[in-house]
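Student: Spelled out, the chains give:
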Amino acid sequence: MKDQFSGIEAMVNKSKIGVPYSWWAGDTASKFLISLRDDKKIIGMKCSQCSKVYIPPRKVCPTCFIDNTEWVEVSDEGTVISFTVARRQLASIPKKVPVIYAIIMLDGADTGILHFIDNIQPDAVKIGMRVKAVFADERKGRIRDIAYFKPL
Amino acid sequence: MAKRVAIVGTGQTFHKSHRPDVNGQELINEAVRRALQDADLTMNDIDAIVIGNMDHFEGINYVDCWSVDGSGGVMKPILKITTGGTTGCTIAIGGYHIVASGYFDKVLVIGWEKNSESDTSGAITTAFDPVWDRLVFAGAISGLAVEAQAYMARYGATDKDGARVSVRDRKHALNNPHAQLRKEVNLEEVLASPMLADPIHLLDVCPRTDGACAVIMASEDYAEKISSTPDWILATANRHPYAYLGDADYGRLTSMRISSTELFKKGGIKEPRKEIDVIELYQPYSFAGLIWIEDMGIIGPGEGPQYVGDGNTDMGGELPINPSGGVISCNPIGATGLIRCAEAALQIMGKADQRQVPDAKIAVSTGFGGCWWTDMILHGKKKPNN
Amino acid sequence: MERAAIIGIGSTKIEGNKVRETFADMAWEATNKALADAGMTIDDIDNVVTTSNDFWDGRTISCMAVGDASGAADKNVSCVEGDGTYGAFYGLTRCLSGSYGTTLVTAHTKGSQSISSLITNAAFDPIYSRELGMDMITACALQANAYMHRTGTTPEQLALVSVKNHGNAMKNPLAHLPMNISVNDVLSSEMIADPLHKLDCSPVSDGCCAMIIANESRAAKYKQKPVWIKGVSFYADSFLLGDRDLSRARSLTAAAKKAYSMAGISDPKKEIDVAEIYDAFTYQELMWLEEMGLCGDSEAGKLLARGQFNVDGALPVNASGGLLSGHPVIAAGLIRMAEIVKQLRGDAGAYQVPKAKTGLAHGVNGLCGQSHCVWILDNEK
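Chains as they are written, first to last, in the working numbering: chain Y, 1 to 152; chain U, 1 to 386; chain X, 1 to 381.
Isolated chain Y, as found in the complex:
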């Protein structure tokens, strides 16, 4: 079956699909982002049943399946749970490599937040080290209103 196509050029159709999006953050995430933008404060939600503090905040506790009602401010300092240093300039990375990604457990929170670590030699990053949020000068109500976490 393949022989009938021998000698025929394999043609490739290069194209792009354009499917623009705007995601509603929803009231819960909006409050969190506005707090970053306007107050440089990191706030989470606490479940009234299991007392877990969710960062970033959730409207509903995924375990107890009830609405979270209590907002809690957590510290802008925390502990590095894990990290990686991106060395190859992968297509999704918005900054020039090396870029340090980490999960940080902020003091007062029960879940970790994903973000950048900067102001440190990549080889010096350690699991368990303490870091502090550095806010961007220009903030728009986005997760990158926190510019990165720096070593304490």
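When the alpha-carbon atoms are kept at most 25 angstroms apart in a straight line, the in silico DSS-like pairs for lysine-lysine are as follows:
1. X/198 with Y/95
2. Y/95 with Y/140
3. Y/31 with U/16
4. Y/14 with X/13
5. X/198 with Y/126
Computed footprint of chain U on chain X; a stretch qualifies when at least three of its residues, placed anywhere within it, have a C-beta under 8 angstroms from a C-beta of chain U:
6. 51-62
7. 88-94
8. 111-125
9. 241-254
10. 356-368
Worth flagging that the hints you see were computed from the coordinates, not collected in a lab. Glycine included, each C-beta is placed from N, C-alpha and C at the ideal position.
Following the hints, put chains U and X in place on chain Y, whose structure we already have.
Tutor: Relative to chain Y, chains U and X alone:
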């Protein structure tokens, strides 16, 4: 031994054009909690989740993984089924099979879409083959217009006949607090509304909606303990025959004809027009309400306009269609087929409130989408024989 | 649950760029191979489940591209979006629901047709994480570090997985990357994201796999001796990476426990003869082995170094070469199942594990192994 399966609870959001107050999984959560409440169950009672939507309408990859907080899926088995517009129906069919297999006893089926966030035309265009069809595809509505034109040419129907279907569904929606569009329209208004693609006017087609729907299915070992009036799934059937737009038979929905023949045979329905009490038809535009019920075998070819025009499919008529207001009144795509299933279940369970068809014993719900595809479910009040 | 079996398998070669094949071409090839393998015609197939992913295929309703080529034009058909092991699960239940006796399951991806980093970045939450620009590789690198930190597993032990699997692939004619490499080759390959070097990562390949599942009443009616499905289970963990203990895979532990229980297995280390598990990255083979109880906690790296998981070891893992040697994303888990079927039939040719009777196949969905699906197959009922 295969199990008999029934729907024991349903939940829907109050569908709206925009829901800026919630993200997708928070939207899902509303429908899920309503369904649990309807069945008087908790998330702990649920053995597995079947979920579906159209990825490019959400801009999120592995969206079944993303939505676990809202769906209640943390540390549960989650299966994503997605087949385009037919998704809402195929996830219900999926829930049915996984319960009937005996593997799970109580399954939560979730369908949803946040259409306000996406470029619907941009997304739907990617469904079609990039080399052959995509560059000439002019959006879903144009495709449907081709069908309407072919049907009108063959059988002499007019755009007034199409408009009559819109009038019916928009009137029915007044009885449905969940529907997005709850304002009546008359024939003149439909025909005067902007022409989108000849002969389809704006008021002939569905809106874009943010909404979610959840349905709980249970095996025969649990169904009657959970609900005193379960909705038994009597049969399912579907056909997705085409991949290219040029292959379809415009003017007749072949996949509907073949699926319904199989569905009625499996379900022991010999005279659909007599035996079916109510249909929730996935009808994305008005003319489908004439054409596809002929393909379903309710009436003969070309008889749609007269049958609908005489009021037979209105509430109080011989065979009410879309008591919920149908897709023309509300269309959160990934949920839409499941809403048809949930609405049919509400009819059988006697829980349809203002939109109840009295003494509904047999119902049909359908899904449409893709390249002229059809999915169908037969619902019944009486527990099927083994 | 009633009994069902796998009675046919077929797969395209796994390649870096199948420039001459469309999705439909691959599905056609795999389906015909599975039918020939089973000694069936398409008329013997009662219904079809395809498996694909809209983002990877650049097509919403990605199942539309392969439905007719999978023989589904005039059959009941559906599509699972997720790894092939999940499609196979749905296909299995459709054989047991009283509606159908045989199901054809297909799964495909053409990794060559897209930019994988952008595709997997799209799995991240659009509000809280996506613009940070992580993808599957950086996320898994984060997990690898957490796992190594907790268990003391070393970069050399990770590299050994790559050496073993690429080496195993030398005997697998369908593999994409058969290679004779050393630990040093792995450790000196380009560091993509600490601790994952290029050779710690699987490629993104093109390929399609098809499988025919039948219930007990139909299983013995065709050419092959059936390979019986003794247990299957799947679970999904939390989504946000910060919600999970990334050094653990509790959804895998739960899935494995249930699958073993269904299969009547009380000591999986002894009772599983051969395993094909989802090694998208080297650390994953070690981590998944521990989390599914096939070796002791934190032991996998050491046992690997002693040869425990080699083809001639006590528990051969990924004798086919695994994902490291060929990774057509969505098809990956279904191919793991097909490879176990080959082993249990005695058809694995140059990489046959002698006397393999009970096998484990494993698939993963989502970031950092959020959801896992485990299958236990056996050549006896």
